[in-house]
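Line order of the protein sequences matches chains A, B and C. Start counting the first sequence at 1; every next residue gets the next number (the numbering used here). Start counting the second sequence at 311; every next residue gets the next number (the numbering used here). Start counting the third sequence at 577; every next residue gets the next number (the numbering used here).
Check each hint, because a few of them may be wrong.
Dumping the calculated PhoX-like pairs for lysine-lysine here, alpha-carbon to alpha-carbon at most 25 Å [as the list claims (entries may be wrong)]:
{"id": "1", "chain 1": "C", "residue 1": "Lys652", "chain 2": "A", "residue 2": "Lys205"}
{"id": "2", "chain 1": "A", "residue 1": "Lys217", "chain 2": "C", "residue 2": "Lys652"}
{"id": "3", "chain 1": "A", "residue 1": "Lys217", "chain 2": "C", "residue 2": "Lys759"}
FYI, nobody ran anything at the bench for these hints, they're computed from the structure.
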Amino acid sequence: MRGRKDFLLIVAGAAIAGAAVFCLSLYLGPEGLSIPGDEILRLRIMRALCGAGAGAALAAAGVAYQTVLANPLADPYLLGSSSGAAAGIAALSFFGVSRAGLIFPLTAGLCSCLTVAAVLKIAGRSFSKKNIILSGVAVNLFLSAAVIFMVSIRKKEFFSVMYFMMGDLGETRISLIAASLMIAAAGSLFLFAKSRFLNALAAGKTLSRQLGCDWKKESLAALAAASVITGAAVSISGTIGFIGLMAPHIARKFTGSDARFLLPAAAATGAILLMISDFAAKNILFPQEIPVGVITAMLGAPFFLWIYRK
Amino acid sequence: MLILIFLSALIIAPGCSSRKAPEGLRVVSLSPGITEIIYAIGAEDALYGITNHCNWPPKASRAKESVGDFSFPSMEKIALIQPSLILAAGDGQRKAISHLINAGYDVRVFHPADITELFAHIMEIGRILGKTKNAAELVKNMKKDISSIPKLKNKSVFIEVCPKPLIAASDKTFLSAICEKIGLSNIAVFQNSYPGVNAEWLIRKKPDYILLTGSSEQEFRALHPYIKNSKIIRPSDIDMIVRPGPRITRGMREIYYLAEDAEKKQ
Amino acid sequence: MITFENFSAGYTDDFVIRDISCRIEGGKIYALIGPNAAGKTTMLRSIIRDIPRAAGRILIDGNDTKSLSAAALAQKVSYAPSEINPAFNYSVSEFAAMGRFAVNRAFWETEEDIRSISGAIRDMGLESVADKPVAELSSGQKQSCLLAQIIAKDTDIILLDEPAAHLDISHRAVFFRKVLDLKNNAGKTFVITFHDLNDAINAADEFILFKEGAIIAVAEKNEITENLLSALYGTEVMISEFPDGRKAVLPLFSDGYKS
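Just need the whole structure built from these sequences, with the hints factored in.
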């Protein structure tokens, strides 16, 4: 059984790997390794912050969703949580609220909570794996349609919103990034502190009850935290799929399922995955940009099928 | 959805046998630029339908019926108007155009690559609508107008279409061609017209000017605080520079003076 | 130690168990027997509040389960379902360690926690698979895992739902040996639902006979008669006793037995 020592090793390894990729993404450009000018460096720092923050947040949310629902296919994107957040943000833009500060990540988090609640309600009491994913997909489609409807009324935002729906890490407004990262970090720390509750919840409803875990209360708290984290991630990165699915599964290969070890490892994995995906999105057709969600979906959809077939 | 619209257009189309209406031409303009041309050559009597975006001259939107959106016009509305001729702009409405052609309408597409082509298109529209003389007059005046606009020397420009994500108008666009005409070379050389581009690249390219068409200067600066090396110019009326129409000369003149002013402020 | 008072439970008006009353004493093995869907599992899961209560009360050591916190309840009672299919690759030791969560919720396990976890794994003979994912184990090993988790929890009352349903004969022997050992040497109380009456009659001290959501009789081991079982299951059964004291319960598969 693993203990504190292994924990320190895992956290140190995760931190070193994350920091290495972070630094690499600052100095690696289309022309190879170089020390960029001031403006470009700052731009890359913002971008790497968004990528690392959103990636880690989505991965932490993914761990919580998968664990609480005991469903290896769960992910903020497939559950509709991301779309809920995006719809909330689109609605704020629609009513002319400018994108800054706390109001965006908080609204996104709230909408994401409501969406997950709706998806679970539709999926029914049994929480069957396929039901949850199917109702997630249906709610996803509905919300995307709602967003496109809002965009159709206000033409001006068309490109922004369409890109937002496919992931965009070009955010540079520091107040928004700071607020979102703080919310995501608070939510992730909450989940981390509840690690042993998550382990009990992973055993399923009945077993978690005999383990002394108030299943209803604890799973609601974890799902809400995961949704708030997702909202914060979406407000700086748009809807990016499959990071929350892939990162926990990859990290599990190294740390096992115990949430105390899995959460930090998955967060680092998610951060690294998204930074690398964004590097690809930025540089494959440089200077033309591809939405980063396209890259993560190209990696993630086959991954989903692989997990599904297992 | 589009298929439904298309099918209903097919069903309604046979009822439109009066396409060569005795009272003459029935024109629908699917482009704000073309609407402006039609008014400028005094052929608006033949105009029966315009789009929601056709806001110039101001009386146009009051006097003419709208067939809806530029990219997704209502096929039913067009069928009700029973046009004998549809004039379209091409870019951004290819799908609608192919539906209209399949439904048997006479659709002419005017998608000028540069000013010279625009002049040819004005002449062609004048010929079709029986206003050759007016069209020639308009072209002559525009040419004169353009020749009086001074030229900038060896200056580069980035033409912004959307601030976030950053989308450019490439060298394949009409907007780029009019910038070239006044001495601004477009740094965005791409295969497609409106590519999403990387902000790093824009910083490194250091164009002399960034021409905003999709955001205000304040919005752009808030979204891109690290783009500092280029002077930002933003025309008062974007329609004047993006529409291939009679007002383009005023738009070109404004770009020139904005650029010159920005230079002086340095 | 556990007292049911006019207890009914179920999700809707169609209660699965209705108006049951009985007492479960400490240090004994109780067998819950009866036809399928009689409400045996529901009765067990009601004790850990996994089934909503409709009427009546369940008391544990005099306290209404409703008034106990989730943690306090978990420190008194353990429950093992008949089957587990863990969704992720939790290892056997991690799975057993979850049991200590009921005792100590601190972020890290204490020395004592770790001692009792490894003790439980050793007790159940799972040392060789301690780092293997539970999902990859055989049914017998999974049951041992559940029992290891429960041993690590160290509660006085242990509820087992058809623990032997998927076990072969040797695993069954090992499993019930362990159960009897826990009763005899650690004074644990077991309430076990049985599918196989042979297991029940050889392991249990007391019988609670369940039919159509109600208790029709409570009997000691030696009060169990052929008539009682025949009436309970609606088919004729025979109980035979071997010279060494073991018993067998046999149904009639045909009318052609020699008399």
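_Index of numbered hints that the structure contradicts, given in increasing order_ = Checked against the structure, the only hint that fails is number 3, while the rest are satisfied.
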